[in-house]
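Novice: Chain by chain, the residues:
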Amino acid sequence: MLQPVRRSAEPPDPMQIRLVHYALFRDARGRDAETVTTTAATPRALFDELGFGAALASPESWIRVAVNDDFAAWDARLADGDTVVFIAPTAGG
Amino acid sequence: MLQPVRRSAEPPDPMQIRLVHYALFRDARGRDAETVTTTAATPRALFDELGFGAALASPESWIRVAVNDDFAAWDARLADGDTVVFIAPTAGG
Amino acid sequence: MTFQITSVPIDPSTWRDALVQDAPALAAGGIVVFEGVVRDHSAGRPVLSLEYEAYTALAVREGERILAEARARFAIEEAVAVHRTGHLALGETAVWVGVAAAHRGAAFDACRFVIDELKARVPIWKREHYADGPAEWVGVPGPPAP
Amino acid sequence: MTFQITSVPIDPSTWRDALVQDAPALAAGGIVVFEGVVRDHSAGRPVLSLEYEAYTALAVREGERILAEARARFAIEEAVAVHRTGHLALGETAVWVGVAAAHRGAAFDACRFVIDELKARVPIWKREHYADGPAEWVGVPGPPAP
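Chains as they are written, first to last, in this note's numbering: chain A, 1 to 93; chain B, 1 to 93; chain C, 1 to 146; chain D, 1 to 146.
For the record, the hints were derived by calculation from the structure and aren't laboratory data.
We put the CB at the ideal spot given by N, CA and C, even for glycine.
Worth double-checking, as some hints may not be accurate.
Unchecked claim - Covered stretches of chain D, as calculated for chain A (at least 3 residues, CB under 8 Å): (1) 56 to 62; (2) 122 to 130; (3) 133 to 139.
Claimed, not checked - Mimicking SDA-like on lysine to any residue, the simulated pairs with C-alpha atoms at most 20 Å apart in a straight line are: (4) D:Lys119 with A:Asp75; (5) C:Lys119 with B:Trp62; (6) D:Lys119 with A:Pro89; (7) C:Lys119 with B:Arg64; (8) D:Lys119 with D:Glu64; (9) D:Lys119 with A:Asp70; (10) D:Lys119 with A:Ala40; (11) D:Lys119 with A:Leu24; (12) C:Lys119 with D:Ala106; (13) C:Lys119 with B:Glu49; (14) D:Lys119 with A:Ala28; (15) D:Lys119 with D:Thr2; (16) D:Lys119 with C:Tyr130; (17) C:Lys119 with C:Val20; (18) D:Lys119 with A:Ala91; (19) C:Lys119 with B:Asp70; (20) C:Lys119 with D:Asp109; (21) D:Lys119 with A:Asp48; (22) C:Lys119 with B:Arg77; (23) C:Lys119 with C:Ala57; (24) D:Lys119 with C:Ser13; (25) D:Lys119 with A:Ile63; (26) D:Lys119 with A:Phe71; (27) C:Lys119 with D:Glu64; (28) D:Lys119 with C:Ala102; (29) C:Lys119 with D:Ala102; (30) C:Lys119 with B:Ile87; (31) C:Lys119 with B:Ala76; (32) C:Lys119 with B:Ile63.
Claimed, not checked - Anything over 12 Å on all C-beta distances counts as not near chain C; from chain D, calculated: (33) Gln4; (34) Asp11; (35) Phe74; (36) His87; (37) Arg112.
Build the full structure now, drawing on both the sequences and the hints.
Specialist: Here it is, written out as structure tokens:
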């Protein structure tokens, strides 16, 4: 009975996630794109891992996330090889 | 006491009124413009005198009048030398 | 400028550029344009071409009034309009209205106001030439008999 | 066509002509265009120039969705839009939206819907260069600290 609990508590396998940065996230990271090796299972966990979470409170209310070039939920499950973009407030037009 | 009544009942002096015709009024009159000698004191009386009144009932509800290149009331007082245009329903644009 | 009646083809880009020039010092952020183009059908009937006839002196006077009302009523910088007269082929521009404003809501509202008022108030008549019958003045209940 | 991101200057007359071409068989009677032009002020600050940056793949995908929504929601024949990227000088066109419809009410409503949705949803960022201080990304509460 303890085995499933132990298994889910084990750290997941590290994944390669490609991050592409635009606008002020690019300014903050100092680069257009990067590939990170991470165990973050969701965009939210990745956001925190990058250190953004400490600086930007409640990002869900004003920052959007894209996974593989379409909008995604903050708690979407990331997969190895995914491309993630954090989308700061936009101002087109 | 009767004199004022008699005076107003006398026919007014004939006036020269210039009529300019557009669209279906031009089609009906067969000309772009004409000058008429008339005792019609108002556009409404002139409209009837031209024979339009018999054919077109309640013109006030769907035909407008211009006197000297601005919109005017059907019962405006005409003066010698005035230019009158009857404005059928328009359809610009 | 502001309101014009013209017998020559309307070039939308010329009018658009004139509108931008008129908006002082590029303070205008949003431009809304309405353009009426000759259609190939009207109330289900095939239209070959049409002609517009204007009572020019009064049309210009009333058109200028409408543009002045738009400037007074909406937070816009400039409003201009031009209406074509004469014989128009399919696809030609019959009317062009342009509004420049710092914010787009006012530009949309004012542009719609101007075209609605122009259509209702300005003495311009339209005669449609049909493929299936004689030409008719549009919007008239019936021709006068006399 | 429909929605495009472009790094070259937008020529409004080219887009207007393309819209008319797209509206099948000249059945469109009314065209409504919204054009956003670079302003010389923003929130009271003097703007020298600005730059737009797009997440192009997602911007095109979302822009196409918005145009499809407009076609489904309003009685229009065609809706197209283009957004500029890169460095723009004052007076240049940042965004152009054009809608063709048989009746003008639908064209106005759809054009306004498209520009409102584009501004709210499409991942395009604007950085303004001011006469009186450093450039800033517009609409962002504050820069991220890390």
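Novice: Of the numbered hints stated earlier in the document, which are not met by this structure?
Specialist: 4, 10, 13, 14, 16, 17, 21, 22, 24, 27, 31, 34, 37
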